[in-house]
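For the record, the sequence lines run as chains A and B. Per numbering that gives the first Met the number 0, residue 0 is the first one in the first sequence, and the count goes up by one each step. Per numbering that gives the first Met the number 0, residue 0 is the first one in the second sequence, and the count goes up by one each step.
Careful: at least some of the hints might be erroneous.
[Stated by the list, open to error] The calculated SDA-like cross-link candidates involving lysine to any residue, where the alpha carbons are at most 25 Å apart (straight line), are:
(1) B:432 - A:163
(2) B:432 - A:36
(3) B:349 - B:268
(4) B:432 - A:205
(5) B:349 - B:320
(6) B:432 - A:191
(7) B:432 - A:34
(8) B:93 - B:115
(9) B:432 - A:95
Just so you know, these hints were derived from the structure itself, not from any lab. Being a predicted model, the structure only gives us computed values, none of them experimental.
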Amino acid sequence: MTGDLLYDVRNATRSFRRGDATINALGGIDLAIEHGEILALVGPSGSGKTTLLQLLGALDRPTSGQVFFEGRDLNTLGDNELADIRLRAFGFVFQTFNLIPTLNALQNVEAKLAPTGVPEDELRARSLALLEEVGLSDRADHLPSQLSGGEQQRVAIARALSTEPRVVLADEPTGNLDSRTGTEVVDLLTSLSEERRHTVILVTHDAEIAEKAHRSVRMQDGRLLEPTLA
Amino acid sequence: MFYFRYLRSELVGRRTRTVLTLVGLALGVALVITISGLARGLDRAQKTALDPLSTIGTDLTVTLSPQQDTGGFGRGGGGEVVQANQSAVTDLSKLGKPGTQFVHDFFLPGTQLTFPQKQTAKIASLPGVASISNGLVLSAVHQEGVVPKIVAKIKAGGQQLDIRRQIKPPTAAEAAAIQACFQKLGVGVGGGPQSGTQPGEQQGFGGGRGAGGGGFFSSPAARKCLPARMREFRARITTPQQTLKQVVSPPQTNIKSSSYTIGGIDPAQQSIGLVTPSQLSRGRFFSKSGGHEALVSAAYAKRKSLKLGSTLDLNGTRFKIIGLVSPPLGGQTADVYIPLAQLQKLASQKGLANVVLVRATSSSDVAKVQKEIEQALGSGAQVASAKQVAASINGSLVDAANLSHDLGLVLAIIAAVAAFLVAALLTLSSIGKRVREIGTLKALGWSQRLVIRQVLGECLATGIAGGLVGVVLGVLAAAAIGAFGPSLSASSTTGAAGANDVLGLGQALARTASTSVSLTAPLSLSLLLFGFALALAGGLIAGGAGALRAARLRPADALRQME
Numbered sequence: 000m001t002g003d004l005l006y007d008v009r010n011a012t013r014s015f016r017r018g019d020a021t022i023n024a025l026g027g028i029d030l031a032i033e034h035g036e037i038l039a040l041v042g043p044s045g046s047g048k049t050t051l052l053q054l055l056g057a058l059d060r061p062t063s064g065q066v067f068f069e070g071r072d073l074n075t076l077g078d079n080e081l082a083d084i085r086l087r088a089f090g091f092v093f094q095t096f097n098l099i100p101t102l103n104a105l106q107n108v109e110a111k112l113a114p115t116g117v118p119e120d121e122l123r124a125r126s127l128a129l130l131e132e133v134g135l136s137d138r139a140d141h142l143p144s145q146l147s148g149g150e151q152q153r154v155a156i157a158r159a160l161s162t163e164p165r166v167v168l169a170d171e172p173t174g175n176l177d178s179r180t181g182t183e184v185v186d187l188l189t190s191l192s193e194e195r196r197h198t199v200i201l202v203t204h205d206a207e208i209a210e211k212a213h214r215s216v217r218m219q220d221g222r223l224l225e226p227t228l229a
Numbered sequence: 000m001f002y003f004r005y006l007r008s009e010l011v012g013r014r015t016r017t018v019l020t021l022v023g024l025a026l027g028v029a030l031v032i033t034i035s036g037l038a039r040g041l042d043r044a045q046k047t048a049l050d051p052l053s054t055i056g057t058d059l060t061v062t063l064s065p066q067q068d069t070g071g072f073g074r075g076g077g078g079e080v081v082q083a084n085q086s087a088v089t090d091l092s093k094l095g096k097p098g099t100q101f102v103h104d105f106f107l108p109g110t111q112l113t114f115p116q117k118q119t120a121k122i123a124s125l126p127g128v129a130s131i132s133n134g135l136v137l138s139a140v141h142q143e144g145v146v147p148k149i150v151a152k153i154k155a156g157g158q159q160l161d162i163r164r165q166i167k168p169p170t171a172a173e174a175a176a177i178q179a180c181f182q183k184l185g186v187g188v189g190g191g192p193q194s195g196t197q198p199g200e201q202q203g204f205g206g207g208r209g210a211g212g213g214g215f216f217s218s219p220a221a222r223k224c225l226p227a228r229m230r231e232f233r234a235r236i237t238t239p240q241q242t243l244k245q246v247v248s249p250p251q252t253n254i255k256s257s258s259y260t261i262g263g264i265d266p267a268q269q270s271i272g273l274v275t276p277s278q279l280s281r282g283r284f285f286s287k288s289g290g291h292e293a294l295v296s297a298a299y300a301k302r303k304s305l306k307l308g309s310t311l312d313l314n315g316t317r318f319k320i321i322g323l324v325s326p327p328l329g330g331q332t333a334d335v336y337i338p339l340a341q342l343q344k345l346a347s348q349k350g351l352a353n354v355v356l357v358r359a360t361s362s363s364d365v366a367k368v369q370k371e372i373e374q375a376l377g378s379g380a381q382v383a384s385a386k387q388v389a390a391s392i393n394g395s396l397v398d399a400a401n402l403s404h405d406l407g408l409v410l411a412i413i414a415a416v417a418a419f420l421v422a423a424l425l426t427l428s429s430i431g432k433r434v435r436e437i438g439t440l441k442a443l444g445w446s447q448r449l450v451i452r453q454v455l456g457e458c459l460a461t462g463i464a465g466g467l468v469g470v471v472l473g474v475l476a477a478a479a480i481g482a483f484g485p486s487l488s489a490s491s492t493t494g495a496a497g498a499n500d501v502l503g504l505g506q507a508l509a510r511t512a513s514t515s516v517s518l519t520a521p522l523s524l525s526l527l528l529f530g531f532a533l534a535l536a537g538g539l540i541a542g543g544a545g546a547l548r549a550a551r552l553r554p555a556d557a558l559r560q561m562e
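Pulled out of the complex, with its shape left as it was, chain B reads as follows (with noise of 0.2 Å):
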């Protein structure tokens, strides 16, 4: 066929033309379905983590906080904050042996204060209350390490004392007495050993054998015939009193400590709770009856590279991981989750729970029964509704969702709009460069109607293959803010109303819960289908105008046109 030779012809001889009309037109479309496809994806992402509450079934959360004049639920009073959260003391002496390894948590009830499970019988009874679910969330550190052994090493001793005394020569009365005694017993003094008496006892005064000189004066002869003030020295010496200081160094050690959260979940109860079977990412949630499993959060699983099949050793509890879960903002989030009674016992909060978990009957009654709850707790009680805890989230992912809502719909509509815009505009400066050719199709005897029909044919074919490339540059441009997309974060922190003005502790005590969530730009057929089809009507209706336009001229005001 003659028309499609020359469409063919037209498209292919023009090719810097055509490929710049493409590009334009995929690079509209591209855009299009990538910032739509952004704008969808925080969308979802916005639906998941700021309406948290919805998604474990919640419609109201009351906790506890301390007050300076608690009513009747709770115990109340800032002492209690500080008793609570006493057994953060780590105490050496307790974690084992000497050098022995040590694993230990310990669960804090940060600034929520706990209350026997059976008061929140109180909330199962108010009218309009469906279902309630107690839960504990509790901060908890971990310990792990050697208990380090404390040797402290003291030198002491290896002192000389060094003694001399004069000892005062025999008086002439004494040297004639020790001569005499000497005579009679047969010794010479000052001679060498002498033959006939007892050998190696009997020795000359200044002798050499005896080491020490203990020789001489201690012969039986000596004994005899000295004085006694020269037959004995004695002495008492007291060597110098003194006190050894030494600053033992600490010894190396390699405790580790890391926080996280842990919550405590009533497996009984499976449509409502901190997390909810609609929370797991993989495996399974807990069976009715719960065990020693535990549930991690995705993102905590990441941090540690926990599996699932891992087990987690609690103070010498070992619990299975059976499951990932994303688990909900909204402060009532923990990194793990155990059933209830097992954190209980570990925790030494047998019977306490520390948040409850309120679904209405019906969500317009929801505002109603938060008031019944305020009424009928007290003034400790915090009543949160699925609305405010939302908005206390805070994070990227936050500004991004306000950025999105705001400026997502604007963003695209703007991008569609140039991407027409461009699509047109390549299309008509096209055209407008051969009006002269038109003109001399029509001088051959072209009627309108065919040259609008060549016309229209390739801004069709470059509509449909600039949409194409547009589809495909989309798609990738997706799946790259897919792979290496920014995530965005939101936090929403639990525990620290009102215990600031108690205790200061508020912020310390006070639970972060944050998810992330990558940002990611998901695409579905009629988005890809809008992109292509923005392009087609670009390139048609500007490819039609012009044509139009230029078709009507008269042939010869368009052969009169300069090229």
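Chain A with its partners taken away, still in its complex shape (with noise of 0.2 Å):
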């Protein structure tokens, strides 16, 4: 069953501590993602889909529950592995952009590049490819804070590919843009990813954005209201 498929989620469960309270933000998730699959998890805020995406992209550790990724079950790997499998496996682009705001946008695309352990000129010439593919290769030498939201965006898009991921996870990427600048990034996401065959996840709370995916789930108050797809 987990043989073809690229996420196996089991069961999963997570949930925080404030302190004397707990709060269950997702309880007792099962799911199933395809390679390739352009999937949408929508929901209103506090339903626990970025919850789930972090569960997916590595970046938290279920609290009970398995979350299995290409056969194996993240939660018995170590911090070093995850790290890992998030540089090779994932690319991550996040509502806030989460450039780092001293580099300009060249750099924040080496910045997940560098790792990998490239040599320098090919770290450059890769990342000014991607640069160029997501029409920023003007712009490569500004800093964040030169850069509009959409480009800012944009250039987020091009550093989660750079590693040649699997899976492109996106947490409402169009969150902090406005609703064209916001479809063209999501059209520039799923066109870039469907090219190479990434696996896309994408959180958002817009309709019209999950419409460009293959498959929706509707999240609310920690659970999935759709069956999925097996």
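Build the complex: two chains, separate frames, hints provided.
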């Protein structure tokens, strides 16, 4: 069952402690995701979609249950192995862009690629090529503060794609953009990913954006509302 | 290399934070360096100034103070002090002829009585005594100026005496006789000059030619004819007796007095003495034979603008200054040193000394030797050990040294801790503000090791820069202290003890020796390295701890942190 699947999430829960209270952000998620899929996680804020994305992206560990990625239970892996998976298999796009403010556009792309150990000239060439693909080759030496929101998110997409990941995880990538720019950014993300046969998991509360996905999964109160495709 | 570019971008991009951290580190390092340097400077000053005897090869000093009942060693008694100090009288009449320039130096033994040098052989023969040296330390008063001329001006004479007396006119009988006499001589009475007679001699009675009226009466005719009563006027006048009194203002004079101390040293002994070659700061020491040469304390030379090669004229004997010395404190110091024999001659103290410096054969014998000397010499002798001498020294240097002793270490530790804390807090706060960035890096796939390496690299760079700036600041501060720092003084009074009770002369005659040490903050390479390492360690430890904490957070938690 797990052989062909990219992700197999089994009864995953995640709870946080806030002082004395325990908040159950995710209550028993079962979800399977295939290679090359473009999946939208849709739901109101607080429904747990970002928490699920973080479990899928190995940014967090489930309180209980398992998250299998390519057949490996992420919870059994150490921090360094998770870091390596994030480096080579995942690419993140955040709502707030999360560019390193002191690095220019090119260096922000390089920041993801550098730990893979590519030689210096290749690092630069590949990063520049990616910036060109997102249409920002003329902005390579601009700091994030000198770029518009849409431009920053495009740099973030170039960064996410730089290590040729298997999965691109985007958390509300349009949340800080106006709708036109948002649509452009999502179109760019999906088209580039489809070209490369990357799997895309897109968290959004925007139905219009969700329509661009192959499949949408609705979430509410930490649970999936619709049956998953298995 | 990407990581270096990142490091540089991070340091340059967050200029304000970098500079703030750097300045904080630098100030801390400079503080540590300066305070430690100061403590060392005080220590050094303390060693040279406050442990004076050891630098002159001496364990004990022996002096003789006047007492009511003195034993066999000295001559003793309060009267001796007076007698010994009598020569302080300035006798103007003996200085030279009025109006001539004079220079004179008076040498006074103060309250340390002198004793014949041969008596000190007694000390040398005591067991446990390695060597002794005789010294003569005198208070000197130097006077120079012009011998005043005292001239009094008294005006006398010029009185006018007016005498008026009525001469009784001739009686009728006298008039007739005068008439007859004149007629007989052929002189007219009341007429002008008569021709035929001797002109100019015979004149009328009332003739105008005789100025003062001497003419007629002195004429031969008048001498003959006038009655004896009218021929001569005699009176005795006594002018009134008076006493002239005039206060004579003291004459203007320019006699300058200045006092200094002068010490006589046995030049044959160079390892023990009031000063030894180790106190020499410039020039050379006395030759063994000791000629007309002088050593001058550096402080006195500065005050009097004396240089190597200048000459001192002491009552007509010229001494060439061959060296500058920094005499140790401890009472037996002087401004000027000359060979003992020369001073004895100048001060008319032939064969006399007033201090004996004693070295024991071993330092453990000092207490024993001190007792022996006290017993051998009787109650008038004062035997002081190096420790006692050190204890008698006071002044700001002592205060500062005590302060440095008590507080220097504490201050240095406080400064070090402060520097360390500043480095740590600044680094921690700068990392605290970057937790989200660290979370992003981890989300991108950076390993914990890589994140920590990056942050530590920044701390290292800031630490090195801050440390270097701090070292430079510290060196500058130390140089500034050396250049503008306050001088500390240490002083020690001799001769006052014991004499106070006798005559109350003690205070007046006691000699106070003082030395001033300008405060410096000597630095050493190890101190600079220590300050530098401190900054580095502070930055690295705090950076390491902060980075570890942030890097160990789950990326999800780190990303959740608000910036």
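Results for each hint:
1. B:432 - A:163: Violated: residue 432 (chain B) and residue 163 (chain A) sit about 31 Å apart, past 25 Å.
2. B:432 - A:36: Violated: residue 432 (chain B) and residue 36 (chain A) sit about 37 Å apart, past 25 Å.
3. B:349 - B:268: holds, 19 Å
4. B:432 - A:205: violated, 32 Å
5. B:349 - B:320: Roughly 23 Å separates the two Cα atoms, so the pair holds.
6. B:432 - A:191: violated, 34 Å
7. B:432 - A:34: violated, 38 Å
8. B:93 - B:115: violated, 29 Å
9. B:432 - A:95: holds, 16 Å
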